[in-house]
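Note that the protein sequences, when read in sequence, are chains Z and A. Quick note: the first sequence uses the working numbering, first residue 16, plus one each step. Quick note: the second sequence uses the working numbering, first residue 55, plus one each step.
Simulated from the structure, these hints should not be mistaken for laboratory data. We put the CB at the ideal spot given by N, CA and C, even for glycine. One thing to keep in mind: the hints can contain errors.
Stated by the list, open to error - Short, incomplete list of chain A residues facing chain Z, as computed with Cβ under 7 Å:
1. 85
2. 87
3. 179
4. 233
5. 236
Stated by the list, open to error - Residues on chain A that point at chain Z, a partial pick, calculated with CB under 10 Å:
6. 131
7. 132
8. 134
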Amino acid sequence: MTPAPSAPHALSPTRRSETITAWALVLPAFIGFVVFYALPTLRAIEISFTDWNLLRAPKFVGLDNYATMLEDGKFWQGMKLSAYYVVLNIPLQVVLGLFLAVSMDRLTKSLFVKSIVLLPYLLSNVLVAMMWLWMLDPLLGLVNSLIEGVGFERQPFFGGVDQALLTVAAVNIWRHMGLVAMLFLAGLQNIPRNLYEAAALEGASEWQMFWRITLPLLRPVMVFVLVTSVTGSFQIFDTIAVTTNGGPLDSTRVIVHYIVQNAFSFYKMGYASAMSMTLCVVMMIYTVFQMRVMKASENDLA
Amino acid sequence: MNTIVSPAVADATPHRIRIFTPGRIAAWVALATMLVITLAPLWMVVKTALMQSANLYTESAQILPSEPTLANFKRVLGFMTADESRALGGSGAEINFLRALGNSLLFTAIIVVTQVSFAAMAAYAFARLRFPGRNVLFALFVGSMMVPGVVTFIPNFILIKDLGLLNTMVGMVAPFCLMQGFSVFFLRQFFLSIPRDLEEAALLDGASYTYIFTHVVLPLSITPLATIAMLTGINMWNEFFWPFLVAKDEAQQVLPVALQSFKSQTAQGQPDWTGLMAATAITVMPTILLLVVLGRRVVESVQFSGGK
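Chain Z on its own, in the form it takes in the complex (with noise of 0.2 Å):
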């Protein structure tokens, strides 16, 4: 077996023996890929193109579903009311998840802690949902009697159409602060303690230590916290579907609950995939976006 001098372009043995391994490993995956991922997303975007409810056969109508899109009060009201669940839910998860994360950093290594501190996201959105409709109940839960013990007065919370939105982005913080939390805490965990002494050493204060040195080296973890949850926040629908199923008066019909009724409720799949390809686009561009902004590539420890 000599090693036959090969030319240049032509795979000597073991090079093709080498491809044909790599290929062979790659091939489930690859068939992964195309058939859920690659043609599903060409799929998705011919399917917006047309008019479909699945009994007939699907009709080419251009860019008509865009169009209606655009003049539907509805979509834009999802949009609207996805983009202020992001907002309503994202700052508050950050800083009490950065909270959690510093306490515990500071405090205390217990298993038992982080363990409880996690709990929450390690239940499904089903489960949480279901516990939250209980203690927010507007007769008999928990937190209405705690509020009316301190002589306030019932609420609706999941009830209520100018609170609904904002009961499911407190239940959703309720879930997500402990997994922020410990995504920061990894990331707390790797910045050097000699800066502390140093700053300690100067005289900075815990506070000026924490936005000086805390803060500024987060920021890888800070951008990845923000890309994954606000895209996350602006698919909510699980907790949603169990609690308020889009009302009272469509006040949490957030743009994912409203393509998925559009789809499996009024069979337009032609409409609800033109929502869909308009939401990836703004995903994509938000995504995009705070990358740029916080310079996610860059490491400050280097």
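Given chain Z, put chain A in place with the hints provided.
Same frame as chain Z, now just chain A:
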């Protein structure tokens, strides 16, 4: 990057020694409050599940039920007739909990095993083997993470429907079991960090790439494989939307779907809270069990998913 300071020096920082400063006490109080807010709903679930429906109005804010009973668990699990259950304030609805649990376990296990295996295979090829199209394909895989589920679910639903796979386990697992961009990306990162010398020694001895993958790389990768398996498992255990779309039949329902349909069967005006909370309590159990048995691994896996 931590080489500048030795752990011994780091541990001797002043603010680790002072324990009872006002700031620390305030922080402890705040942390404890957050823990209570986290645990209170779970406690109320258990407490309500142990209550008698008749006491709901009088004892809704009590910490402990005055007359605890296991009746709610019995009727949710179907150990009572529908009439007996209605007599206790239920809707007659029940969860076939064991079947839903079985479905959930099967659903999660199939996806964890297949997805992690296929991701590891692909990740190894991307990390170590040269083949035409490698970089483009890897970029596409990573790019697939950017496509939100809301784009693909309609075409995927239509595909599963056309293949006649609605209400089947195959239809439920199909979109998850072959490829997940994050798993491939995550494992490739780890494989890249394994020193090449180890493999080159084996190559010189005449080992094939497949042999190196299964006998050198995989044994060195138990921790990242466990991490990605854990993350996939948690996500799939909690997955609601896709199983809800493709498998509404009771016989195929996974736990979150079963719980949702149990809820939607109870009256809107006067929900069967003791029954709902018994069902909720049972459904929470596997997660608590996971934390008790594998707590550290779970916490570390979740941390790995973001920071690294």
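Which of the listed hints are broken here? Violated hints: 2, 5, 6, 7, 8; rest satisfied.
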